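Generate coordinates for the entire structure from the input sequences, incorporating the hints supplied.
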Amino acid sequence: MSEAQNHLYLVDGSSYIFRAYHRLPPLTNRHGVPAGAVYGYTAMLWKLADGLNKADGPTHMAVILDASEETHRNKMYDQYKANRPPPPEDLVPQFPLIRTATRAFSIPCIEENGLEADDIIACYTYAAVRAGWKVTIVSSDKDLMQLVDDGNVDMLDTMNDRRIGVTEVHEKFGVGPEKVGDVLALMGDSVDNVPGVPGVGPKTATQLIQQYGDLETVLASTDEITKPKLKQNLIEHAEMARLSRRLVELVCDSPLPEPLEELTLKGIPPEPLREFLEDMGFKSLLNRVGKEPGASSGGARPIDVMASQSAPKPLEKEKITVDRTQYECVISDEALDRWIAEARHKGYVAIDTETDALDNMAARLVGVSLATEPNKACYVPIGHVGGDLLSDAPRQLPTDLVLGKLKGLLEDPAVLKIAHNLKYDWVMLQRSGIDVAPYDDTLVMSFDLDAGRSNHGLDELAQAHFDHECIAFKSVCGVGAKQISFDKVPLGAATEYAAEDADICLRLWLRLKPRLAEEGSTRVYQMVDRPLVATVGKMERRGIKVDREYLAKLSGTFATEIAALEQRVYEAAGGPFTIGSPQQLGAVLYDRMGLSGGRKGKSGQYSTDVNELERLAGEGVQAARLVLDWRQLTKLKSTYTDALQSQINRDTQRVHTSYSLSGAQTGRLASTEPNLQNIPIRTEIGRQIRDAFVAEPGHQLMSADYSQIELRLAAHMADVPQLKEAFSKGADIHAMTAEELFGVVDRDTRGKAKTVNFAILYGISSWGLAGRLGVPKEEGKAIIDRYFTRFPGIRAYIDETLAFVREHGFTRTLFGRKTHFPNIRAPNPNFRAGAERAAINAPIQGTSADLIKRAMNRMDDALADAGLSDVKMLLQVHDELVFEVPQGKEEAAAAVVREVMAKAAEPALKLDVPLDVEVGWGSNWGEAH
DNA sequence: CCTATCACG
DNA sequence: GACGTACGTGATAGGA
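Converting from the first sequence to our numbering requires adding 345 to each position, the first position being numbered 1.
Worth flagging that the hints you see were computed from the coordinates, not collected in a lab.
Since the model is a prediction, treat every value here as computed from it, not as a measurement.
Worth double-checking, as some hints may not be accurate.
Ranges of calculated distance between the beta carbons of each label pair, as one might list FRET restraints [unchecked claim]:
{"no.": "1", "residue 1": "E1244", "residue 2": "G901", "range": "41 to 51 Å"}
{"no.": "2", "residue 1": "N419", "residue 2": "G825", "range": "45 to 55 Å"}
{"no.": "3", "residue 1": "E1244", "residue 2": "E1124", "range": "42 to 52 Å"}
In this text, a Cβ means the ideal position worked out from N, Cα and C, and glycines have one as well.
Here it is in structure tokens:
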């Protein structure tokens, strides 16, 4: 018997992972990375590679992947694959793992820029057949059926273990493999967006090719076609058909990236494989290689939101050694290429950008640092200048070259980018034309794991997790008047500082990632907060237009009124003093003027807050009334009309707030610099500020807000039938509460009921409520008791929430978001009571935050799907979203926005109450309400 | 840097 | 019967 024929197996890795993703349940590995598709892929690869030495088994094998760049097909046809949706969120992090898995089997992984996996497969198939080998293509892609050739080339669909030969191709297309391209060209392919000929599907295409032999003959024989519509389509779309023919044509003459001989299959060496399987936690597969004693356990398991209720472990510190001497300053082409190749090899890379200012909408990019392993980090300077006017800029690579090369890496779907507070860098890089994806954010991870029990700054986390002191920004840039911007920092110091941040970020990622699954936070991270980085980044970049002249005019008006009030205050108070000083004001009111009832706070100072001044004003003290008016106007002027004008960006002429994703413990966003979440609305005079927020010419501002969302969620979560029913019927919820509590509904009882309803959300206390209602505390207590009697679900919700938080130290929202309450066991009863009230509120406020975040993440795609990609989401104010809408598209936009917001809980949750969304629009934010 | 005040949901 | 006078934020001004 002669030596067995070589048999090459070519695995279509890209298409396999998509199919595995949709077939298998969502699993996560022990690091919390979604890994269901990788699991399926690994099992499949094993089965194939294990077939060595078996009849018809492989002697050579390679996995073929799609490289990320565009291909010649996009040049032919810009719509090629254009309608393909982005891969699902939890599939993206699995792409790099495909390479890792393949390497673990010691099987070559082949990809080539400009070529699709199909083309590479075709090249290898032809080369192998020429060499007299047999080929099996592991795929079920119909394009690849063109390559089937009995005796030489077949296909294997591992999902159902089906071999595809010429017979099967005939069954599917009614023609042989050599004619498949012609059939595909006629019928088109919606998945790849190959146009084909309208009205021609598989049946007609097959019939035409069977009859005429090939595409050109079909197109030349339209005279003979009897069906008028078909004939007309073939004539009109002949060029589209020819283009389609070229699109489905496989490239088969490119040089092979690896020679055939390199693809020899040597069996499955156990070592790298065992490490990979252990790392992934693929327990059942690990058993096949024979588990080593002492190997870590933990297997793939379903993503689980609510199950992991175990008390959080105290944060154990990990001992690390940071060696800054290993950091590299990258100033050569070769070095940059080496780092990029290393990142691609790893499949992930930690990044950090350095800039010359904190405001990422105004700052310039100064450098980028990368880290691929602990202590393995570099800094690529691009915008450094001499430290003083006399010295030249240090030697560094040209900005365009660096950005061009980094773009390829940062946009590579096969490389996971990891950053701390990525939103900052995301906006920065977006301004340089780089769209970072896929990504992880260690700040967001830390927030989702440890909200309420840790701060989330990189330096603080380095301290908390590793006992490591990062180089302080102050120590490289200085403080105060002597502070320099980062572009003036010498490269040596800049490299140590910047590379360390990427290094620490990477170590943090390695540490936090597994905890997400262990502690039940994968879902809220992957589905809510992680995608929000890009969603909010986009909003920040857009900004909102502010009418500077209007604000300046308003500012002038306020100034005049303030000056007049000042004089009247002095007259009423018997002499000038600093009205803005609570200390002086207290002294004037209670000492100089001798008013009674002064209340002193813990600092021993008279309180002069709005409640006290209102009380005095009610007693007829003119000065108190005047001070209140003065305070309102100075507040409006300094915080809004004046400050806002200085926040207008020079380049965009718009105001770009920054949203903190980890600012509020409950999961809410917080808006800073400027805070656009506290623009006045409650008083008529304050409302004028809102009118300064305007739409671009030809546009309108649209505001959409959830009505009573927290009360609705409370009704659902505490399961209160009367409240749920009232919301379902669209009834007046406070009136209904008044009816339940007092038996009558009038202005007084409705107002009281409203206060009580809010008190519930905030963690009620009868004494607090009594004070708020201005009634004796006995009556406050009676009202609370009645409330609990009428709505027993509320009592149960509070009791259960408190029992849970006392046992576990944290609460959860309906979507699994955790908030920790370390003070829940504080010895100080005041601290404890405060923690209890906050814990009662957190699940409600947090679920509301989850809901609007889900809506925000979906909004742009939903608008684009409705042909409204020119509608821009600009602002979020906790239960409100603000959009800029081209005039005439208001109704259409309102419909989409309403739908997305109202359905934000789905499909994860079915709420017992409807979510009502109120939408309005106008030329400014004031009018939009 | 801390406190008091007040803007929002 | 005491507790301290509701939950979550950020910006500003005064004062130490």
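Here is how each hint holds up against the structure:
no., hint, in the structure
1, E1244 x G901: 41 to 51 Å, "holds (44 Å)"
2, N419 x G825: 45 to 55 Å, "holds (53 Å)"
3, E1244 x E1124: 42 to 52 Å, "holds (45 Å)"
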